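There are 4 protein chains.
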Amino acid sequence: MQKGLKVATIGGGSSYTPELIEGFIKRYDEFPLTELWLVDIEEGKEKLEIVGNLAKRMIEKAELPIDVHLTLDREEALKDADFVTTQFRVGLLEARAKDERIPLKYNVLGQETNGPGGLFKGLRTVPVIVDICNDMERLCPDAWLINFTNPAGMVTEAVLRYTNIDKVVGLCNVPIGIEMGIAKLLDVDASRIHIDFAGLNHMVYGLDVYLDGESVKDRVIELLSDPENTSFVKNIDGIGWEPEFIRALDALTCPYHNYYYKSQDMLEKTKKEAEEKGTRAEVVLELEKELFELYKDPDLNIKPPQLEERGGAYYSDAAVRLITSIYNDKRDIQPVNTRNNGAIASIPNDSAVEISSVITKDGPKPLAIGDLPVAVRGLVQQIKSFERIGAEAAVNGDYDKAVLALTINPLTPSDSVAKAIIDEMMEAHKTHLPQFFN
Amino acid sequence: MQKGLKVATIGGGSSYTPELIEGFIKRYDEFPLTELWLVDIEEGKEKLEIVGNLAKRMIEKAELPIDVHLTLDREEALKDADFVTTQFRVGLLEARAKDERIPLKYNVLGQETNGPGGLFKGLRTVPVIVDICNDMERLCPDAWLINFTNPAGMVTEAVLRYTNIDKVVGLCNVPIGIEMGIAKLLDVDASRIHIDFAGLNHMVYGLDVYLDGESVKDRVIELLSDPENTSFVKNIDGIGWEPEFIRALDALTCPYHNYYYKSQDMLEKTKKEAEEKGTRAEVVLELEKELFELYKDPDLNIKPPQLEERGGAYYSDAAVRLITSIYNDKRDIQPVNTRNNGAIASIPNDSAVEISSVITKDGPKPLAIGDLPVAVRGLVQQIKSFERIGAEAAVNGDYDKAVLALTINPLTPSDSVAKAIIDEMMEAHKTHLPQFFN
Amino acid sequence: MQKGLKVATIGGGSSYTPELIEGFIKRYDEFPLTELWLVDIEEGKEKLEIVGNLAKRMIEKAELPIDVHLTLDREEALKDADFVTTQFRVGLLEARAKDERIPLKYNVLGQETNGPGGLFKGLRTVPVIVDICNDMERLCPDAWLINFTNPAGMVTEAVLRYTNIDKVVGLCNVPIGIEMGIAKLLDVDASRIHIDFAGLNHMVYGLDVYLDGESVKDRVIELLSDPENTSFVKNIDGIGWEPEFIRALDALTCPYHNYYYKSQDMLEKTKKEAEEKGTRAEVVLELEKELFELYKDPDLNIKPPQLEERGGAYYSDAAVRLITSIYNDKRDIQPVNTRNNGAIASIPNDSAVEISSVITKDGPKPLAIGDLPVAVRGLVQQIKSFERIGAEAAVNGDYDKAVLALTINPLTPSDSVAKAIIDEMMEAHKTHLPQFFN
Amino acid sequence: MQKGLKVATIGGGSSYTPELIEGFIKRYDEFPLTELWLVDIEEGKEKLEIVGNLAKRMIEKAELPIDVHLTLDREEALKDADFVTTQFRVGLLEARAKDERIPLKYNVLGQETNGPGGLFKGLRTVPVIVDICNDMERLCPDAWLINFTNPAGMVTEAVLRYTNIDKVVGLCNVPIGIEMGIAKLLDVDASRIHIDFAGLNHMVYGLDVYLDGESVKDRVIELLSDPENTSFVKNIDGIGWEPEFIRALDALTCPYHNYYYKSQDMLEKTKKEAEEKGTRAEVVLELEKELFELYKDPDLNIKPPQLEERGGAYYSDAAVRLITSIYNDKRDIQPVNTRNNGAIASIPNDSAVEISSVITKDGPKPLAIGDLPVAVRGLVQQIKSFERIGAEAAVNGDYDKAVLALTINPLTPSDSVAKAIIDEMMEAHKTHLPQFFN
Ligand SMILES: [Mn+2]
Ligand SMILES: [Mn+2]
Ligand SMILES: [Mn+2]
Ligand SMILES: [Mn+2]
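Residue numbers (my numbering), protein chains in the order written: chain A, 1 to 438; chain B, 1 to 438; chain C, 1 to 438; chain D, 1 to 438.
Everything labelled a hint here was simulated from the structure, so no lab data went into it.
All values reported here derive from a predicted model rather than from experimental measurement.
Hints are not guaranteed to be accurate.
No copy labels: a pair is met if it fits in one copy or bridges any two.
Capping the alpha-carbon separation at 20 Å, the derived lysine to aspartate or glutamate pairs in EDC-like fashion look like this [unchecked claim]:
| no. | residue 1 | residue 2 |
| --- | --- | --- |
| 1 | Lys361 | Asp332 |
| 2 | Lys330 | Glu214 |
| 3 | Lys105 | Asp265 |
| 4 | Lys430 | Glu94 |
| 5 | Lys296 | Glu308 |
| 6 | Lys45 | Asp67 |
Working from the sequences, and respecting the hints, build out all of it.
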């Protein structure tokens, strides 16, 4: 008899968990999970109970033999796991709110995964992920780590560079979202669309687009440069790319590119929203409260539709699809964060990239794309350097390197502003940055 | 009998010419120039006469057998030349003033070689330099082209990529200036200082610094991070780098790095100065008028000391030093803009880089530096992409590529601002951008 | 109604054609071929008739609506084709016999695709393939060229470098053969084995081996280094690799590696065989005669089992499998000869490599493998240089380059021997080497 | 007062030492040596005495204040040294004779630095050099290690990869010899010739040749391909390169290239010589005996002219020239073995290459050459792999890796022959290969 399949989910008390459960239920035929361990920390105990019980009801309704365990003991959860998924948030949404608010005071973008917010989320998260990896090395050395925790680029880089775990994949729903968007733009089913993705997490480009296997990039670029295509094109409150820019770029962008190619507009939009309705974290805090109220309902035994408004759509699908492909050696192509291994020229072999990869039991094998287009090489290189130096600062508690990482980030106006923001944020996040205060 | 040595100087009516003459006089022993042809265009005829006559008086005073020719006929000047130097300015200082003024309206840096100004100077200059190269191919195929015309990075890139002239060197006085500054900081003679330079024109880094051949980088970085070192450190009106930043960067910067690592401060400073005393071009316009008044003096037969205030110090020295080293196969090390040839990893072999090179009769041979430090790779790559796409736009009159080049430039806040600036500047420089208006 | 599917097979009179027909019949459900054009040259007319009629009978028996056309008019055959396959042999088996015989006189390996034989097969074949590509550009610019003609590495390199056809795939049965062999060694079904292939045609390595997706490389290497495993290991008349060698190499070899890692044994074996039973071409000449006798039988309407003894097993399967995957955008992984595109470090992006690739409608996308193992880099690089210089010699009729190509080939003992062999072979193949005799 | 200058020469009892002394005397003005420590091992004591006393007499005659110390205590010699030179021979000439004799039995080239002999010299030497480096780290961490001990490529690779000493330069007289030869061929003074060297030790190519700074490569290649130029061209007993080969190669070769591009001739020549007059080691053994007899003469106080016949001319000059350039930060160009640092594409940054470099106080800085010519890439890569795997085998006493290294060497006919040779040589050199026998 084959040993059962065990998954451990770090940050199991997350509001996203019902999506993950739905994913496991939907793909049970291909991935016969036997034990799901939802782990959280003391502060998240109540949420873990609520969402964990919903998970149990969902599985009961689906009539599947999956045992759901709720625990605060990470070691017990990791022991002999086959897959470990991570979706935790050090400092919870309160910390994210600070990541978003503080930079705005300095007229710098406040956002969860870009600029100062991204750096500080990294500084808080990397030491924890390194810790988890050290535990995994001991408790489940053969397990795959599927990381959704942001900033996924810096986190995956840190795992590859500073731990002994090399079975790691970083996951993001952005590429899937782009495929969905392009399908909508072309008015076809998303399954007929394929995109060659390459770049970094939240900095990924679509180098070619196929409809039924045939390149339609020219047509898509044409559509994207048509100001009439308000639906998909005007991705930020109706602002589309300048036709000349997108035509000459000759590649698909991701929504986060707005922060770089429309920095000023995005800063202003973010400031306005923070003022009018609160930062995204503040909005989500409210949404989450409501969600957890819903989750408490003992009659609820499906993923409530309201969760989709929370954002993060397709995450669950992406995660379980990836796990299923690894488990079954499916050899389908998925965009993931993995070791570059030469696939993108000029990025070190051992750095993390986000790239279309064949998913095998032996992990993702990235498709070689050679050189990135001239126009995007610099920005990708710059963000990779930000991620590398940020990860180094996080691991070593190196304050100078933190200042360097933020100064070279394209969203930062100067070394002095970088330092001022860092000083205020270090203080604000003190509890979660022990490596800098010893 | 050996054939005489002929130099043709395109833009010979420049106010800098006396420096060049001084250089040729000073190094006559090593570089026995016989004919110097100063060429200019119809609009520059008067200045050419004035400065040309001063040149003749200088040479007469030095009692050297150098024939100075003044001409508006470029072909005659190029014919059989051994060296061609270029120091022209398409559209004169009036065009530069527009390059500086217009971007400021959009809250974007107005500067001659960076951002929109750099792009437009390139768009105007590249077709002319391509033209000169085509003439050279016919009239003096063995001559060396020594280019000081800015933006020297984009111009050298264009020559390497779009002409058949490969005997080209781009020259800048920035590296020499850095060596002088470091010598002053250490209070030693500049001849004892050597720096390993690598990067791009106006984006060059000092990767190591030697005093009498021994690395003193740590000491220099320490000094540069000391807020007390106001003289050299506080390079923009008393603003120095944040100590944490420069320590972690662990490399010497060049003055133009302020536009990138202190973008906001530089923008404000530039706006303030434009308002209070006029843009740099406007200031220089006045200076030049005074200089040419001085030059007219029939008793003046030396380079007037007032020229040093004009800026551009060490240019003449750099130029004649370079020419002399090529001519004599000196094999000394000089920082120049040349074909990368693998010296800097991740930059194409056939792209221009600014790098410490051995100067031989066969041209500069760059010293291999391998990978640039992680922190600077992205910015260098980004500016290289800006230069490459800018050169392509200039050669082909490709409007979309111009928008792309400016959008990916780190000093531009968005694709829409890029387009708006380009539209206004295209109109303003219409006369000098025929490739975009046919 | 969809346009029908047309395949043109250059060298259609080959004895292999029945295998190809069998392949098209077997996969008709996925690849609904409507027209198959078998083209040959005047000298091959008789064989074309014989094998073409067999093909018609096979299709009739299979009751499929595929029209088989026999023609000597290549243009007619290429016109609007969807796929072009090439399996021709310039100079027929008589030329191959010379490729095998002549080098032996000089104590140098005589083999069809390696050493002097490979070079001369390339010199004869490349101009013809370039010609076909030029026709394709005009007559069927969207078609895929599936080349089985040897030397497939040099031929694919020549197409990529010297024609405007980039939809080209080179195909070889060696990788499939290795998978079959490993399956046998492990006593499992071949469908459960997967190998990461990388290298060049007839110089391909298996970098990892998977059974059901799990790496079993260590076990396979252990088995391969066990002298008891005579069946698979002792691939040349019972000679296996030295255990130390294969353990330290830590990669799977292909049968052609014997020519390089056991050069002396292979030379002697080849000489002995040539003496005792004739060279391979001479043996095959007899086999072919018998085959064509069989093919003439008007009652034969299947691929005769005797064809398998001819060698070249799995070719038909590999070819139709590849075509089917392209046509259906299957995205399965197959080892093919394709543009490197950065997949193997140190090989130019635009050179041909043989590598595991995802097969899409847009062609093969190679999986990035980064650096080849240290031990194999040099030999792969050397053969790539041989292929590149050989292709250049073939296209330009450059005698010096032919001498260079053969001298740097590891199987050649000296520049003088290289020249002597070339001189004799040039003369022997004169009719088929017009580019060298004008 | 400046601290004196101390040089330690490991293997000081070598017959070459008088050349080194002559070099120090000749360049005393630039390199004011105060202490020279000649170190040797117990077995070399007598020779050390003889040659050491001659050294003292030479210095006395030159009336220079250099103290010569003779010692068997390596630590004492290394203590606070400024330069360490190594010219030792593990196992003395007797071991070399075995390196030359044993392979011949297997019909494989017997030579000191190529093929099996090179490997075994490496296996014996690398552990000793690693040991010396470990001592240096402790006793003179700032000293430069100038290594002439062969195989200099493998030895320098081992120092770079397996020790903490990075101030290391490997030295060879081959490049100087080529410059001399070319000067003779052109009938000009050698000081007017400059060659761009790139490759590996004993596998170095001249990529361009200059006379007075102007490229004369075409002329030189023409001369080299002219069968009339017997003097330089016919470098092995009158055998010159085939004109077609050298013209197409379009680069200068080094004498050791004969082993690769004329393998068969060289093998036969070596066998014949071994038979007729003994191997090179056996010949040198006699020469050395005579030399030491001469050295004993108390009236001898100069380098005896007979030493030049010993071979190894220009070594002393190369060594003292290099040391003088480092000491004085001369920044002249010399071909040395140093860290690649990106200078040659496709060779790892941290591998040793032999390349034209600027010699500074901070060590050699290689000139970037980009890609090696297509024709030579493979062979260079193959020898680099041989050196890397050989060094690894030497450090770890890894028998399998030794078999692998020898099998991939182009001079070895098969894995089985490699193993047979290794087994016999391991036994023969047992005393000096402790790492393989524990
Ligand atoms: Mn994401
Ligand atoms: Mn400049
Ligand atoms: Mn094949
Ligand atoms: Mn040597």
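Tested hints:
Taking the shortest alpha-carbon separations for Lys361 and Asp332, both the intra-copy value of 11 Å and the inter-copy value of 15 Å come in at or below 20 Å. Taking CA atoms no more than 20 Å apart as the test, Lys330 paired with Glu214 passes between copies only; the shortest distance there is 12 Å, against 23 Å inside one copy. Within a single copy, Lys105 and Asp265 get their C-alpha atoms as close as 16 Å, and across copies as close as 17 Å, so both meet the 20 Å cut-off. Only within a single protomer do Lys430 and Glu94 lie at most 20 Å apart by alpha-carbon distance; the minimum there is 13 Å, versus 54 Å between protomers.
In the homo-oligomer, the alpha carbons of Lys296 and Glu308 lie at most 20 Å apart inside one protomer (18 Å), although the nearest pairing across protomers, at 69 Å, exceeds that limit. For the homomeric pair Lys45 and Asp67, the shortest alpha-carbon distance inside one copy (19 Å) is at most 20 Å, but the shortest distance between copies (71 Å) is not.
Hint violations for this structure: none, all hints satisfied.
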